[in-house]
Amino acid sequence: MVAALASLPAHRIFAQAGKIHRVGLAHIGAPGTSVLSPSMVSGFTKRGYVEGQNIEFERRAAEGKSDRLPGLIEDLVAKHVDVIITSSYPAALAAKEHASNTPVVVVFSGDPVATGLAASLAHPGGNITGVSEIAAELSAKRLAVLKEAVPRVKAVAVLWNADDFGMTLRYQAAEVEAKRTGMLIVPLGVHAPDDFDTAFAEMTKKPPDAILMVTDVLTTLNRKRVIDFAAEHQLPTIYEYANLVHDGGLLSYGPDQNAILDRAAGLADRILKGTKPADLPLELPSRFQLAVNLKTAKALGLSIPDSILVRADDVIE
Amino acid sequence: MTDRGGMPAGRPRRPLFQKYFAALFVAVVVPLLANGASEAWFGYGDQRIMLGQRLHAEADSAAGKIQAFLDDIADQLRWTVQLPWRDGSDEQHRFDVLRLMRQLPAVVEVMLIDGDGHERLHIARADPDVVNSGIDRSSEPAVGGARSRSIWYGPVTLYRGSEPHMSVAVAGPRSTNGVTVAVINLKLIWDVISAIHVGRSGDAFVLDASGRLVAHPDISLVLRGDDDPAAARLKDLQQMTMASGGETIVGRDAEDRSVIAAAAPIAGPEWLAFVEQPSSEAFAPLQAAIWRTALLLLVGLLFAAGLGYLLARRMTGPIKLLGTGAEQIGAGHFDHRIDIATGDELEGLAKQFNMMAVDLALSQERSERIARLKRFLAPQVAELVEGSDQEVLLDSHRAEVVAIFCDLRGFTSFSHAARPEEMMGLVQEYYEALGAIITRYEATLTCFMGDGLMLLLNAPVPCPEPALRAAQMAIEMQASIQVVISGWRERGHAIGFGMGLAKGTAIVGRIGYEGRSDYTAIGNVVNLASRICGAAEDGQILVDEVIAAEIGDALVLVPLGALMLRGFAEAVPIFSIGQASAGAVPLAAAG
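Same order as they appear, the protein sequences are chains A and B. Here our numbering is used: the first residue of the first sequence is 18, the next is one more, and so on. Here our numbering is used: the first residue of the second sequence is -10, the next is one more, and so on.
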């Protein structure tokens, strides 16, 4: 799909040359991650935009403090940006409530229909569109992948940002699946960075067989501590995105993050060219990635079965 | 210019130039217009056919690409039904499916069903695998369809009301191999459909049998689900295509552009692949051709106008020259020549005009000469002399002539007493009476001398019996004048009239200078006649002996004896015509 987009005729890309478009990027996390990362910009570059020439980005990072988000959104609206792209459910919620008439493209905010941000995939309503995640269902799939990779796993500790509704839905999906398959979930909801110490203490006191970390800004910000803790305690881990496996996690299964950012840029591009957000359905991710870190597996003394390797898109050796 | 036939020659009501111009213009323009129109018409037809063929080829190509996308999936699915279900083959089947899903991102779900119709494996991208659920699926249409037709395509459904999904089922070569059912996320056809471009801004899309949008370069349009107005327009295109029996159609596309579209079927799922091109773009070559024709026509019109103008000028130019020539000749300029060298009938006509001018000049010259001759010749004699090339008669030569002299008596005293107008009236009356007779006898009038005149007979044109003829003329003249002068005498004027005739040889011919020449005779006979006239009394006609001899018995002659006449050495015998005058005076007295 990426290659096909690149082959779009040039006249479409430069249809609005001469005008400088302003795109607001709002993220609850740290600068340089998610929609604030270079991957986001490359999605625009591919569609003929050149930063400083015909597009300007207004980047706003809440550094994990969700109460700052409404102010950041209002600031972007005051700067008359043409579209706001948000990452995370709190940022999407703040945009829905404070962006007034400015179109909003949401990503990494769970399932906007399930969280009530949008009415339906086909007709989101209001000024919101974006890329939905079928992330809640995927929690069950992740547990199954983890169980297949490490069959002895029975008790799984789930780390998630309990303040994020989208993330809580994912935890709940994991709980349902565990019950169905006779596994045991150790819920470790966190609210703040300090809560991780509590979670680690919990796991030290009563070690689980593995860790499933629901990825959001809070958990991503503390990923290093989780990866280190897992390595230290010889715990297999499964995450949502491949980048955490590259950082030392054992497994990940989830939609292709770069593909999601690319689609977000695609939707923003349509909005910049005049399409109303109401005419742009929420899109579902269509590419999923299974990543395995064989180095980590070796360190844990694990042998990853062929049934995992045969479907792995990303194997780190 | 003169008015001829009531039409002003300068400004004809319907000038030739206009007629020729109109005719020539029409002659060039009508074939040009006919040719241009037919060319545009047939050109349009040809272009329209070519456009249709091109679009159909594009549609076939697009359908082929979509077909290839589906066939690729079907081929891979068939690998999963190559082996029968046996104990211990579960793992093998599972690996086949895992590999397949890794290969085909569009496959979101695969279900393996064994030969008995029980579900053995269910693998989905978003859900945990389900192994050996044993659910009886033998009655499901996918299983039945695949078993009867080896491959079965389900209806297009909208996952969560947005993403188009479709089930595909394949059966193995043996019934024990079971059936594989896969769910395809049709959103991924986008890779194929968005790579199809028709012309500059045309594209392709796919509709299923019910008109539901399956694939479109605008993925958002596909995801908008049913009841979308843009998708409804595409459904209209499908119905128009069905109604037209597969011809190209013109309608409105999802972006509400006017487009020309063609469709090709995709076997299996019974979809239709459409290609569309904006009408403005597709018909651009056609419009360009029409513009070209129009431009050519315009150039042709200008050419026709120019050609018509030039030809009409070439034709009417000589006619105008003829007109002015005729005008000039009519005005008497006989030396005017019309110069036309067109080599055609007009040139011949101009030559005839020129010849006519020459003839007219000759004719005028002749009539002028006749007028001059008439000064001294009777009109009929003048015509004869002029017309018969006998002008040599006027050259000086010796001839036998009769000279006749006559004059009034008592005129000198009358002219002193009378008023000028009275005198001129008398003279006029006198000459009119004489003129008619002179003309009738074709006598030559040589000169007037106040109340007298001199006439000749037998010169320049000879006549039979000149003496007798002269005598008879003299008798008539005398009689006529006597009637005239009797009136005058009643008014108290003592006027008489006498005549003298002589015949002899004289030198006759024209004398005078250019434009003023007279005919006269010089010789003794002239003097003799003059003297005899001088001797004549009023009412007398005296002749010499030559005339008397020639008259003979034709008239009554009275010999008056020989008279001594001035200038004559010997006495001359004189005779009087008619009865002998009682009042004849002695000749000496007359002298």
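Mixed in with the good hints, there may be bad ones.
[To be verified] Just a few of them, taken from the derived set where beta-carbon distance is under 7 Å, the chain A residues facing chain B: (1) Ser137; (2) Phe217; (3) Ala218; (4) Met220; (5) Lys222; (6) Lys223; (7) Pro224; (8) Lys315; (9) Val332.
[Claimed, not checked] In the SDA-like style, the derived pairs of lysine to any residue whose C-alpha atoms are separated by at most 25 Å in a straight line are: (10) A:Lys290 <-> B:Asp180; (11) A:Lys290 <-> B:Asp118; (12) A:Lys293 <-> B:Asp118; (13) A:Lys113 <-> B:Asp118; (14) A:Lys96 <-> B:Met438; (15) A:Lys290 <-> B:Val119; (16) A:Lys171 <-> B:Ile185; (17) A:Lys196 <-> B:Leu147.
It is worth saying that the hints were derived from the structure and are not from the lab. Note that the Cβ used here is the ideal one computed from N, Cα and C, for glycine as well.
Checked hints:
Interface hint status for Ser137 (chain A): upheld, as the beta-carbon distance to the closest one in chain B is roughly 6 Å, under 7 Å. Violation of the interface hint for Phe217 (chain A) is found here, the shortest Cβ-Cβ separation to chain B being roughly 28 Å, above the 7 Å cut-off. Hint status for Ala218 (chain A) relative to chain B: violated, with the closest Cβ pair at about 31 Å, above 7 Å. Look at Met220 (chain A): its Cβ only gets to about 24 Å from chain B, farther than 7 Å, so that hint breaks.
The interface hint given for Lys222 (chain A) is broken, as the beta carbon of that residue sits about 30 Å from the closest beta carbon of chain B, more than 7 Å. Here the hint on Lys223 (chain A) is broken, as its CB sits about 26 Å from the closest CB of chain B, past 7 Å. Violation of the interface hint for Pro224 (chain A) is found here, the shortest Cβ-Cβ separation to chain B being roughly 24 Å, above the 7 Å cut-off. Given hint, Lys315 (chain A) at the interface with chain B, is violated; its Cβ is 23 Å from that chain's nearest Cβ, farther than 7 Å.
Here the hint on Val332 (chain A) is broken, as its CB sits about 12 Å from the closest CB of chain B, past 7 Å. For the hint linking Lys290 (chain A) to Asp180 (chain B), the alpha-carbon distance of about 22 Å falls within 25 Å, and the restraint holds. Our distance criterion of 25 Å between C-alpha atoms is broken by Lys290 (chain A) and Asp118 (chain B), whose separation comes to about 42 Å. Between Lys293 (chain A) and Asp118 (chain B) the CA atoms are separated by roughly 40 Å; this puts the pair beyond 25 Å, and the hint is violated.
Restraint check for Lys113 (chain A) and Asp118 (chain B): the C-alpha separation of about 37 Å exceeds 25 Å, so the hint is violated. At roughly 137 Å between alpha-carbon atoms, Lys96 (chain A) and Met438 (chain B) are farther apart than 25 Å, so this suggested pair is violated. Using a Cα cut-off of 25 Å, the hinted pair Lys290 (chain A) and Val119 (chain B) is violated, with the two alpha carbons roughly 45 Å apart. The suggested pairing of Lys171 (chain A) with Ile185 (chain B) is violated, with an alpha-carbon distance near 51 Å, which exceeds 25 Å.
At most 25 Å may separate the alpha-carbon atoms for a hinted pair to count; Lys196 (chain A) and Leu147 (chain B) exceed this at roughly 30 Å.
Checked against the numbered hints given earlier, this structure breaks hints 2, 3, 4, 5, 6, 7, 8, 9, 11, 12, 13, 14, 15, 16 and 17; the rest are met.
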